[in-house]
Amino acid sequence: MDDVPRKQSEQVQPGEESRQHEGAPQPGDARSERDPGAPQPCQWPAWAAGGGEAPPPAVLEELRERFPDVPFVTQTTADGIPTAWMPAERSAEVLAYLGREADQPFAMLYDLGGVDERERLHREGMPAAAFSVFYHLVSYLRNADLRLKVALPEDDPQVDSVAGVWPAADWYERELWDMFGVGVAGHTHLHRLLMPPWWDGHPLRKEHPSRGTEYGPFDLPDELADEMQEQLRFKPEEWGLPRAEDDPTLMYLNIGPQHGATHGPFRVIVGLRDEEIVHLIPDIGFHHRGSEKMAERQSWHTYIPYTDRVDYLGGVTNNLPYVLTVEKLCGIEVPDRAQLIRVLLCEFYRIASHLVFYGTYAQDIGALSPVFYMFEDREILFDDVIEPITGGRMHPNWFRIGGVAQDLPEGWKQRVLDYCDYLPPRLDEYDKLVMDNRIVKARMVGVAPISVDDAVAWGLTGPMLRAAGLPWDWRKQRPYSHYDWFDFDVPVGTTGDCYDRAAVHVEEMRQSLRIIRQVVDAMPDGPYKAYHPLATPPMKEPHTMHDIESLITHFLGVTWGPVVPPGEASIYTEGTKGQYSYYAISDGGNAPYRVKIRTASFPHLQVLPLLCTGYEIADLVTVLGSIDFVMADVDR
Amino acid sequence: MSALLSAGALVAVTAWYWQLLTVLLVLIAVLTIAAGLIWYERRLLSLVQDRYGPNRVGPLGLLQVLADTFKILFKEDWTPPFSDRRVFVVAPSLVLVTALLSFMVVPVAEGWVVIDLNVGLLFILAMSSLAVYSVVLAGWSSHSKYSLIGGLRAAAQMVSYEVFMGLSLIGVVTLAGSFNLSDIVAAQQRSIYYVFPQFIGFVVFLVAGFAETRRIPFDLVEAESELVAGYHTEYSGMKFGLFMVGEYVAITLVSALIVTLFFGGWLGPWLPGVVWFLIKTLLFITLFIIVRGTFPRLRYDQLMALGWKAMLPLSLLNLLITGAIVVAGAG
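Residue numbers (my numbering), protein chains in the order written: chain V, 1 to 636; chain B, 1001 to 1331.
Don't read these hints as lab results, they were simulated from the structure.
The C-beta atom is built at its ideal place from N, Cα and C for all residues, glycine as well.
One or more of the hints may lead you astray.
Some, not all, of what chain B presents toward chain V, calculated at C-beta under 8 Å [unchecked claim]:
{"#": "1", "residue": "V1048"}
{"#": "2", "residue": "S1144"}
{"#": "3", "residue": "K1145"}
{"#": "4", "residue": "I1216"}
{"#": "5", "residue": "P1217"}
{"#": "6", "residue": "G1293"}
{"#": "7", "residue": "T1294"}
{"#": "8", "residue": "R1297"}
{"#": "9", "residue": "L1298"}
{"#": "10", "residue": "Q1302"}
Taking CB as the label site, the calculated pair distances span [to be verified]:
{"#": "11", "chain 1": "V", "residue 1": "T613", "chain 2": "B", "residue 2": "K1071", "range": "35 to 45 Å"}
{"#": "12", "chain 1": "V", "residue 1": "E376", "chain 2": "B", "residue 2": "G1058", "range": "36 to 46 Å"}
{"#": "13", "chain 1": "B", "residue 1": "F1070", "chain 2": "V", "residue 2": "R393", "range": "29 to 39 Å"}
Produce the complete structure using the sequences and hints provided.
Here is the structure:
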């Protein structure tokens, strides 16, 4: 994993991390704290809780005042997000209050998911539960988070739907049912979302097999294939829609899962009157690979390559929220140089991803050429900057717990600056070719606008949210990885229509270049990975080759992977397409107990019916292009 | 091809062998150009898009045409079981036959024309109207929703654009006083190229030409990002090939018509007329391809709005002014 080609003259064995760093901090105290051995329950030192000293959870006090009869149980988490458990029968009431009535309400349902609690060892202070459902709420007015959990029994676990409070809950609740078999009372269409309708069992339950080899040999006789096909047939009555036979002016058109405009295996069924879209049902799950299930059988370290592939255009921007979360759980302080290397790479990948967006968007509305120019720019970025630094292209798998895989190669500065000089004139040219083109404007301006309120309620983030007019960028609002060191603007739109969404993306590329130039100037000397026993693989210098304790630690860190202290954390980042986070639960093992991947594309795609209804079928393609989703990111 | 020959034979001619030779010459030339366009378009588009394009088969990739032809000939000739079989098979040939028939009345050089029809222009308009059937029937007989929408769009688009395509030409006819294409070129020899007095007519005809050939920015009949491939979604093999060749013949035809009607056809100094004709035609074919590399696609309603709200009034205005000037000149 670490045998990335090196340009330096020094001879280094693949897999070793042995670069000298003068003046590096001495890891003395941290090193002797603990010995990451086989996973077994034990007492963890105080720092294990990471940033455990949470700010006084004012919002929880508020809840206790408002609902004196609800027995809230607070839980301390590593990320410091106020977290409380509540009984299932009162959850709908509490959540409705938070989402609607509360002063400065939690207008966004950021994430919703389940946890199979049955095999969890470290449940100190938590109510008994076989399953739990968590609601991660975000309030933009307060710039605050809240995580509420509901404890559920093993038999017939059930929660009440909150889709009435946050429309975004619709798909999340379907996923909850699909993955955990947790029923959702009051949900209008509680069918499988990611798994096919004929699937047996609920995959994220611990008893569900996690590998194909746990099943018998795969066989698909014709009759079964036909039956599956039949189950995938769209039946309007299941969705409360009229049948085409009953309505002569209505036509249902099945688009996808294999279709040029869907950017991956995505299926959408549109009900058309002439060319106007009157009904629209998105269907996802064709790209589902079980990334969350895989996390439970990978070590914390070996899961990093899987994150690369979640938003496959975003490269290391996927690594970042994951490693930040694990570092929070481990209590690792990442050195400045590593932080800035991460920022550098993330911004380059933002550009790479946005270039793909730009080109494919132009192609979606019929312009054949721009996509070639933009892919060429991306190719140059990969060849001249990203590959020399990381050795990889789209999935470099380059961030590590505690830092990055390697130090920057010689001559990186010139390559980076060269690209910063290369791209802006090209972007100006594309403005003339695409954004100022009259036909482009005719196709985009005023198409499928969305208000800020709707955008927040549907869980839209990133460029989608900013195009609607809310200048909210997590790099600004809650700076991570030293983003507060840099000066950059947050581009916003006014109406949230397709043109605004494109314009925000375009401007973000320029801002990324601005950040990159500042990163080059600010890049400090120092280690590229933390001197911490849980940083993986641990730095060899200065102790590993000198005392046996460190050698053992290093050996175990490389072979078994680090053992992360029990706890929960979710750190979010401003990814290429919006807000990303990995809600990771450690049970004190060398693999995550549960990882919930919150991606931006998932809610972005869910809002499609709201955006497209009433527009023409050609606009559907425009809207799909403007959303900037990748299906791997939606289905995980 | 047989349709073309029989149509040629219908006309009573004295020197039938001379007639036959012209027919064959024009037919072979047109088909060669149309086939060559496969290579030309791909290379030119690549140039626009910063890439090489087909450059492996033969010198400059010229034999790519042959490779493509063989490939398409050896593809399985599949007719979907759910289609209306007879119509499905007939539809692709219609588009090619009508485009080829139109070439009968286009003078390549002075006196080089298959039939010197005195209603030549009307004949061409009639043929292009017939070509709509090919697209509509292909869309209809495929029994696929994408094809159907493509076919419906085609019908609406081509019927609308026919209207002012015809109207835009009336100015030329008024000036030349004839529907005969050879006469029109001869009239330009006496005065000037009609692109100058008939500039509006030229622009309208050019736009209509793009619409009639279903090229970007008016290719929403195919609109690959929305309708997969529109009316020919279900076609494969040589039947699909016929649509493609039909499209290239149509591009050549529209370019040849623009040259004949507005840029003096075979007229030009020093070089033989036929060379001038070919050079000019190639220039407009190039325009077609470069536009494809440049523009996005219009939306269906925008296409209709452009047609009825901008192009139609423009061509009527043009007709009014031309008529007034001609009448004033005569009076």
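A quick look at each hint next to the structure:
At a threshold of 8 Å, the smallest CB-CB gap from V1048 of chain B to chain V is about 6 Å, leaving the interface hint in force. Here the hint on S1144 of chain B is broken, as its CB sits about 10 Å from the closest CB of chain V, past 8 Å. With a least beta-carbon distance of about 5 Å to chain V, the hint placing K1145 of chain B at the interface is held under the 8 Å criterion. A distance limit of 8 Å between C-beta atoms decides the matter here; for I1216 of chain B the minimum to chain V is near 6 Å, and the interface restraint holds.
The closest approach between the C-beta of P1217 of chain B and any C-beta of chain V is roughly 6 Å, which is under the 8 Å cut-off, so the hint is satisfied. Annotation: interface hint on G1293 of chain B holds; nearest CB of chain V at approximately 5 Å, less than 8 Å. Interface hint status for T1294 of chain B: upheld, as the beta-carbon distance to the closest one in chain V is roughly 7 Å, under 8 Å. With its C-beta approaching chain V no nearer than about 3 Å, R1297 of chain B sits inside the 8 Å limit, and its interface hint holds.
For the restraint placing L1298 of chain B at the interface with chain V, the shortest Cβ-Cβ distance is roughly 6 Å, inside the 8 Å limit, so the hint holds. Restraint check, Q1302 of chain B versus chain V: the minimum CB separation of about 6 Å is within 8 Å; hint holds. In this structure the hint that T613 of chain V and K1071 of chain B lie 35 to 45 Å apart at CB holds, the actual value being about 43 Å. Judged by the Cβ atoms, the range 36 to 46 Å given for E376 of chain V and G1058 of chain B is violated: they are separated by roughly 27 Å.
For F1070 of chain B and R393 of chain V, the hinted distance range of 29 to 39 Å is satisfied, since their beta carbons lie about 36 Å from each other.
In summary, the structure is inconsistent with hints 2 and 12 from the numbered list given earlier, while agreeing with the others.
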